[in-house]
Amino acid sequence: MKKLFAIALTMLAFTSFAQEHKTLASPPASTSAKIGNASLTITYHQPAVKGRNVWAGDLAPYGKVWRTGANDATNLTVSEDVTIEGKKLAKGTYALFTIPGEKEWVIIINKTAKQWGAYDYKEADDVLRVKVPSKSHAMTERFTIKAEDSGKVALLWDKVEVDFNVK
Numbered sequence: 027m028k029k030l031f032a033i034a035l036t037m038l039a040f041t042s043f044a045q046e047h048k049t050l051a052s053p054p055a056s057t058s059a060k061i062g063n064a065s066l067t068i069t070y071h072q073p074a075v076k077g078r079n080v081w082a083g084d085l086a087p088y089g090k091v092w093r094t095g096a097n098d099a100t101n102l103t104v105s106e107d108v109t110i111e112g113k114k115l116a117k118g119t120y121a122l123f124t125i126p127g128e129k130e131w132v133i134i135i136n137k138t139a140k141q142w143g144a145y146d147y148k149e150a151d152d153v154l155r156v157k158v159p160s161k162s163h164a165m166t167e168r169f170t171i172k173a174e175d176s177g178k179v180a181l182l183w184d185k186v187e188v189d190f191n192v193k
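Residue numbering for the sequence shown is 27 to 193, as defined by our numbering.
Hints should not be assumed to be uniformly reliable.
To be verified - When the alpha-carbon atoms are kept at most 20 Å apart in a straight line, the in silico EDC-like pairs for lysine to aspartate or glutamate are as follows:
id : residue 1 : residue 2
1  : K90       : D184
2  : K114      : D184
3  : K140      : D151
4  : K137      : D175
5  : K140      : D152
6  : K193      : D175
7  : K172      : E149
8  : K178      : D107
Please keep in mind that the hints were generated in silico from the structure rather than gathered at the bench.
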């Protein structure tokens, strides 16, 4: 009986360890908005600054295509045709990439939604590119995207904010 109890206790201990949840370095997040008749959803992962130089290092260097988050490419889904900064975008799911710059960013909508990061990014698959200004913002430790029903989408990280409009 003692032996059976010891085995059961051991199995319970291993099961408890298996159930332990680990905090992800870049947890998943999403934001949604209802813009006119269209539903907009953006899914992404949230890297953190953690004292690093975001824009001059390897995280999101100026002048290079960035996955706009961490892990999988950030996905943007619209249920109806919309415009982004005045350029037409058909309903569907896309990858959202950016090219950060000190004063201006390029917002890229790419037809290949399912991809890991920007490693297989192909400019030929872009369906839309727009340039938008960046501005200073209060410190945001964890990368955050906010979509508003007004159509404003804000990218916030470190001390930078980049907005684009969806109509």
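Q: Quickly compare the C-alpha distance for K90 and D184 to 20 Å and report which way the hint goes.
A: Since the Cα atoms of K90 and D184 sit roughly 17 Å apart, the hinted pair holds (cutoff 20 Å).
Q. Regarding the pair K178 and D107, is the alpha-carbon distance no greater than 20 Å?
A. holds, 16 Å
Q) Does D184 lie within 20 Å of K114 when you go C-alpha to C-alpha? A) violated, 30 Å
Q.
Given the hinted pair K137 and D175, is their Cα-Cα distance within 20 Å?
A. violated, 24 Å
Q.
What's the verdict on K172 and E149, does the C-alpha distance respect the 20 Å limit or exceed it?
A. Between K172 and E149 the Cα gap is close to 26 Å, so the pair fails against 20 Å, i.e. violated.
Q) Do the alpha carbons of K140 and D151 lie within 20 Å of each other, as the hint requires? A) holds, 12 Å
Q | Distance restraint between K140 and D152, which requires alpha-carbon spacing of 20 Å or less | A | holds, 14 Å
Q) Holds or violated: K193 with D175, Cα cutoff 20 Å? A) Since the Cα atoms of K193 and D175 sit roughly 10 Å apart, the hinted pair holds (cutoff 20 Å).
Hints 2, 4, 7, counting from the list given before, are not met by this structure.
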